[in-house]
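Visitor: Spelled out, the chains give:
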Amino acid sequence: MAMENPGMIRAEAVDAAEFPELANQFRVQGVPQTVINSGKGTAVGAFPEARMVAEIRNALKN
Amino acid sequence: MEKLLNEQVTGQIRQAFAKLNNPVQILFFGAQENCDYCAETLQLLTEVSELDERVSLSTHDLKADAALAAKFQVNKAPAIVVAGKDGDNTLDLGIQFSGIPSGYEFSTLITDILLASERDSGLSAETREYLKTLKEPLHLQVFVTPT
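So the sequence lines, in the order shown, correspond to chains A and B. Each number in the numbering used here corresponds to the 1-based position in the first sequence with 21 added. Each number in the numbering used here corresponds to the 1-based position in the second sequence with 190 added.
These are computed hints drawn from the structure, not numbers from a lab. Just to be clear, a hint being listed does not mean it is correct.
Here are the simulated lysine to any residue pairs, SDA-like style, with alpha carbons at most 20 angstroms apart [what the hints assert, rightly or not]:
| # | chain 1 | residue 1 | chain 2 | residue 2 |
| --- | --- | --- | --- | --- |
| 1 | A | K82 | B | E319 |
| 2 | A | K61 | B | V332 |
| 3 | B | K322 | B | L258 |
| 4 | B | K261 | B | E243 |
| 5 | A | K61 | B | Y320 |
| 6 | B | K325 | A | A75 |
| 7 | A | K61 | B | H329 |
| 8 | B | K325 | A | G28 |
| 9 | B | K322 | A | L43 |
| 10 | B | K322 | A | A80 |
| 11 | A | K82 | B | T323 |
| 12 | B | K261 | A | M29 |
| 13 | B | K325 | A | A80 |
| 14 | B | K322 | A | M29 |
| 15 | B | K325 | A | F68 |
| 16 | B | K253 | B | Q222 |
| 17 | B | K325 | A | V74 |
| 18 | B | K322 | A | R72 |
| 19 | A | K82 | A | S59 |
| 20 | B | K322 | A | A71 |
Kindly produce the complete structure, drawing on both the sequences and the hints.
Guide: See below:
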């Protein structure tokens, strides 16, 4: 997704074990868990593309 | 130092890299303090980049190269940026790892290198269209555990 608009989108894979404070901050309990814009949205589990887009739209409200 | 990747794995990666289209630039960001896996991450990336001349690796320090880190929005170590390479230019593709990509995440790293080389996300036309019209920055942090 980031590749489609790198000026606007960052995709970061975060090792929850290595950065536990960050994982705790976003209450990460299962992996993978996708945190959208520092908690504006969150999606637990692996999702198909359309569902992930829906989660993003919901978090960004557009 | 003992190799992290065995011959079977390097053989598979070489085979995957045979399909590389455009060159890829990997940026490693380390730190002098509080970085348990910096050395191991750098070794892993070095072994991967040695498998194909189209994969380049540069190493940076989070503090000493603060401007570069800021440019790629890197604020942790170890961190890896998978970017495109066009001559001397590094093409930011927005792809980043925080932490060592070991275990299952190692295959994610290899996939990202292939994607960066192809410069094609493989997403649907509808998704691409939406992402291109975003009006505010989007930061997707995918929390994973490497084992």
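Visitor: Evaluate each hint against the coordinates.
Guide: Verification of the supplied hints:
no., hint, verdict
1, A:K82 / B:E319, "holds (17 angstroms)"
2, A:K61 / B:V332, "holds (14 angstroms)"
3, B:K322 / B:L258, "violated (25 angstroms)"
4, B:K261 / B:E243, "violated (25 angstroms)"
5, A:K61 / B:Y320, "holds (18 angstroms)"
6, B:K325 / A:A75, "holds (16 angstroms)"
7, A:K61 / B:H329, "holds (10 angstroms)"
8, B:K325 / A:G28, "holds (11 angstroms)"
9, B:K322 / A:L43, "violated (28 angstroms)"
10, B:K322 / A:A80, "holds (17 angstroms)"
11, A:K82 / B:T323, "holds (13 angstroms)"
12, B:K261 / A:M29, "holds (13 angstroms)"
13, B:K325 / A:A80, "holds (13 angstroms)"
14, B:K322 / A:M29, "holds (9 angstroms)"
15, B:K325 / A:F68, "violated (24 angstroms)"
16, B:K253 / B:Q222, "holds (9 angstroms)"
17, B:K325 / A:V74, "holds (15 angstroms)"
18, B:K322 / A:R72, "holds (18 angstroms)"
19, A:K82 / A:S59, "holds (15 angstroms)"
20, B:K322 / A:A71, "holds (16 angstroms)"
Hint compliance for this structure: hints 3, 4, 9, 15 are broken, all remaining hints hold.
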